[in-house]
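Student: Following the hints, complete the assembly by docking chain B onto the known chain A.
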Amino acid sequence: MIGLSHYLILSAILFSIGLVGVIRRKNLLMLFFATEIMLNAANVAFAAISSYYHDLSGQMFAFFIIAVAASEVAVGLGLLIVLYKKYGTLDLDNYTMLEG
Amino acid sequence: METFAFYLFSILIIGLFAVTVLSRNVLYAMTSLAAGMVLISGLFFLLGADFLGVVQLIVYVGAVMALYAFAMMFFDATSVIKEKNSSATTVFLLGGLSAVLLVVIFAAPSIGGNLQPLYPSPDGASNPQAVGLVLFTKYLVPFEVAAVMLLVAMIAGIILAGKKMEHRITSSEEENSGEKEMK
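Chain order of the listed sequences is A and B.
If you're matching positions, the first sequence starts at 1 in our numbering and goes up one per residue.
If you're matching positions, the second sequence starts at 1 in our numbering and goes up one per residue.
These are calculated hints, taken from the structure and not from any lab test.
Be careful, since some hints might not be right.
Facing chain B, a subset of chain A residues (Cβ under 7 Å, in silico) [as the list claims (entries may be wrong)]:
#, residue
1, D55
2, A74
3, I81
4, Y84
For every residue, glycine included, the Cβ atom is placed at its ideal position computed from N, Cα and C.
Same shape as in the complex, but just chain A:
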């Protein structure tokens, strides 16, 4: 039988996969993908706790996380497009100067 800890451990594994991605990636688009993985891991944990404690607050938080993720992707991809037009690359090592 699957308990709550199974889901929480799965969520922790997914979160650490996303964390490894954030630590090891140098490409900005790949950093965004890793961030999505981490947000999804939090969603899995919220849904599992909400289901096992018969409380809908977890699902509500998951909805708001999805809304935040959607707006983050919209703004972030706009910024990435501007950066790519300006520098021609998405590698983080090239963004050493922060002048306008």
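Tutor: Showing chain B alone in chain A's frame:
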């Protein structure tokens, strides 16, 4: 059956997300991320959160991944990314340490087990009905704030991505004043 589905979904999700994190090709990473999102919605259905699963399918797989796919038209998507990593062992050591820490963090409340439901789910209502009841009574203000936030994000995305190719973002003065008027 539930056990089998859980383990199948978990193994597939972990594998697909590992491909996303470790792959050197952006297209492979994006497609495996989309497939992982679909399987995560399967986990939500397994947990009885039907509405959340449908929202996950529509918003993540439908909207976010399509946005990534469209944004990829601006980038050089087919090329293999060359990244130079200073030392792989340090990175994996840090990742492993963070993973252990996270497992401890996540296991702590379930070992303690003294969580009390704050808003128990209503009896006799299916999951979408219960979600509607809770969302439009107790979470009405965050709901409206989230709506405003999505509107702001939409305007920001249009302004940022809709700039002309030859204009720089801070070079001309009238664009800056135009942005201030937008706010």
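Student: For every hint, state whether the structure bears it out.
Tutor: Checked hints:
| no. | hint | verdict |
| --- | --- | --- |
| 1 | D55 | 4 Å, holds |
| 2 | A74 | 4 Å, holds |
| 3 | I81 | 5 Å, holds |
| 4 | Y84 | 6 Å, holds |
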